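As you go down the protein sequences, you meet chains A and B in turn. Note that our numbering has the first sequence beginning at 1, numbered continuously upward. Note that our numbering has the second sequence beginning at 1, numbered continuously upward.
The hints are simulated quantities; they were obtained by calculation from the structure and are not laboratory data. Here the structure is a predicted model, which is why all the values come from computation and not from measurement. Beta carbons: idealized from backbone N, C-alpha and C, even for Gly. Watch out, some of these pointers could steer you wrong.
[Said to hold, decoys possible] Computed spacing ranges between beta-carbons, pair by pair: (1) A:GLN56 to B:PRO293: 45 to 53 Å; (2) B:LEU481 to A:ALA83: 25 to 33 Å; (3) B:ALA365 to A:ARG81: 35 to 43 Å; (4) A:ALA75 to B:ALA478: 42 to 50 Å; (5) B:PRO293 to A:HIS53: 17 to 25 Å; (6) A:VAL92 to B:GLN39: 43 to 51 Å; (7) B:ILE93 to A:VAL60: 51 to 59 Å; (8) A:ALA83 to B:ALA365: 31 to 39 Å; (9) B:GLU281 to A:ILE23: 51 to 59 Å; (10) B:ALA365 to A:VAL92: 44 to 52 Å; (11) B:ALA478 to A:LEU13: 15 to 23 Å.
[To be verified] In silico DSSO-like links for lysine-lysine, alpha-carbon gap of 27 Å or less: (12) A:LYS39 to B:LYS372; (13) B:LYS57 to B:LYS14; (14) A:LYS42 to B:LYS372; (15) B:LYS402 to A:LYS25.
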Amino acid sequence: MSEQFDVRYTAQLARLDLSEPEIAKFQSQLGQVLEHVEKLGKVDVSAVEPTAHANQVVNVFREDVARDWFTQEDALSNAPRSANGLFVVPRVIE
Amino acid sequence: MYLTSLSVAELRRKLRAGETSPVEALDALESRIATVDPQVRGYLSRDLAAARSLAAKADVSLPLGGIPIAIKDVINVKGEPCTCGSKILDGYIANYDATVIARLRAAGAIPFGRCNMDEFAMGSSTENSAFGRSCNPWDLSRVPGGSSGGSAAVVGAHEAFAALGSDTGGSIRQPAALCSCVGLKPTYGRVSRFGLVAFASSLDQIGPFTKTVEDAGLLLNAIAGRDPLDSTSLDEPVPDYTSLLGRDLRGIKLGMPKEYFISGIDPQVDAAVRTAIRHYESLGAEIVEVSLPHTEHAVGVYYIIATAEASANLARFDGVRYGARVNGGNLLEMYGHTRAEGFGPEVKRRIILGTYVLSSGYYDAFYLRAQKVRTLIRRDFTRAFEKVDAIICPTSPDPAFKAGERTDDPLRMYLADIFTIACNLAGTCGMSIPCGFADVDGKKLPIGLQLIGQPFKESELLQIAHAYEQSTPWHRSAPPL
């Protein structure tokens, strides 16, 4: 599985631009980590349920009633670019 | 100078007796910071004016009234930066308080200072901070540990009475061990994560760095409890975590996990921990050998689960709503460039690994399998706790290493977490307390003893830690600064 590890493709999935030297370095470093991790393949997990939360929480709900939180101003206060109460981004739809 | 060597409990006594005031204590702290922080570099920023105005009207009858607490730069404090040690959040100013901060304020405490950390809590040395490394107060050429290295260093150097950090795989306990202070990771779900910038949502917990075990209890009292804003926080009642302190250890059983006492531990660390264990016997505790058979898989499981969760949690840093933005010809380019320039190499490594293990075709083989092995690791602890009240072992296999020593070997850096990681996977509570010093190159380097307790039994854990602390001199040591 570490042979099939394609750093370039994975970086695309993660929306992360990597330089060629970075791709090469990560391929090697993460390849080593993956080799270490592949030992998990030998553990017998045939009768085991996965643990997603250590203390087994079940669905936590509240009443669907709106509450006050940020004002629009608060929400925009750290925006790199905003206008007319909106976040400004490059065109999304061609 | 003398005020800053006081514990929180001692300072509180003096404040209530009128022997000092919150403003005086804060000024003494600032003076100490100005003297030593240029060397230790534990603080990224601090707002003295805001703290002074809170100190001037502090109510010392409150549980932590008038007491300044330093905060790891990953926990939102309204009006202050929250860089997470990253360029991608440079300039971000929090517009809300994390729940733990609201609770500290309700207890009268004053959040003061933003502590340096490994970027997005990923690291074991604080060398991954985008703003420069922090230095171990006991030997400035060495690391304070990580990821909460700044928080540990400022408490260890008496530049803070106490601090908050976060622990995902050991990021409170390991730096506490390396800097000679107390570091407590509460049971998962004990403390709200609302306002903590998430790294791995099923592993993260906020916890205190303090000079003493009692202080850790005082801080936990203030921050623990169910939070409707964090649905992973649990409805367990909050006792007074200091109520069992001073009780003796007759009948207490401590487990030594045989898988944790292996070759590869620094001989001085091994000797100090074994001496501490013998000391526990002299205090009346019974030492029992236990087995945690899935220990060898803990690091592998962690680096699948934590990186997978991190890859999802860090997707929000995209240049759109907050933080840095690097423009591109289109939206995808903006994302790609922003994240490429904003994130450091360790963060990128972990995002890539996490994305990979969750990707189509690999999810079952990696992530799902890791979650199942996690169940086995949890069961190891549950079984051990049928025989013992707490587990005792080293916190870190080595004392503080030199800066730069491990930066080219990520896997070696990961393996340093070998004793702390399983506790996060199992979700239970753990703490590191000072247990002596190693002599290395003519310097004294702190050694930490780790105690791992049963879920939601922090009172018992503190009782066990306190008994050792009060019968040994380590908590009264100060670094040569």
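Here is what the structure says about each hint:
A hinted range of 45 to 53 Å is violated for the C-beta pair GLN56 of chain A and PRO293 of chain B, which are about 22 Å apart. The beta-carbon spacing between LEU481 of chain B and ALA83 of chain A, approximately 50 Å, falls outside the hinted interval of 25 to 33 Å. Range check, ALA365 of chain B to ARG81 of chain A: about 41 Å between beta-carbon atoms, so the 35 to 43 Å window is met. Separated by about 46 Å at the C-beta atoms, ALA75 of chain A and ALA478 of chain B satisfy the suggested range of 42 to 50 Å.
For the pair PRO293 of chain B and HIS53 of chain A, the supplied restraint of 17 to 25 Å holds, since their beta-carbon distance comes to about 23 Å. Restraint check, VAL92 of chain A to GLN39 of chain B: a C-beta distance of roughly 49 Å satisfies the suggested window 43 to 51 Å. Distance hint for ILE93 of chain B and VAL60 of chain A: a CB-CB separation of about 30 Å, inconsistent with the stated range 51 to 59 Å. Checking the proposed 31 to 39 Å range against ALA83 of chain A and ALA365 of chain B shows it is violated: the Cβ atoms sit about 46 Å from each other.
With their beta carbons about 54 Å apart, GLU281 of chain B and ILE23 of chain A fall inside the hinted range of 51 to 59 Å. Roughly 34 Å separates the CB atoms of ALA365 of chain B and VAL92 of chain A, a value that falls outside the hinted 44 to 52 Å. Taking the beta carbon of each, ALA478 of chain B and LEU13 of chain A are about 50 Å apart, not inside 15 to 23 Å as hinted. With a CA separation close to 14 Å, the supplied pair LYS39 of chain A and LYS372 of chain B stays within the 27 Å bound.
Taking the CA atoms of LYS57 of chain B and LYS14 of chain B, the gap is near 17 Å; set against the 27 Å cutoff, the hint holds. Between the alpha carbons of LYS42 of chain A and LYS372 of chain B the distance comes to roughly 12 Å, so the proposed pair stays at or under 27 Å and holds. With a C-alpha separation of about 23 Å, the suggested pairing of LYS402 of chain B with LYS25 of chain A holds against the 27 Å cut-off.
When each numbered hint is compared with the structure, violations occur for hints 1, 2, 7, 8, 10, 11.
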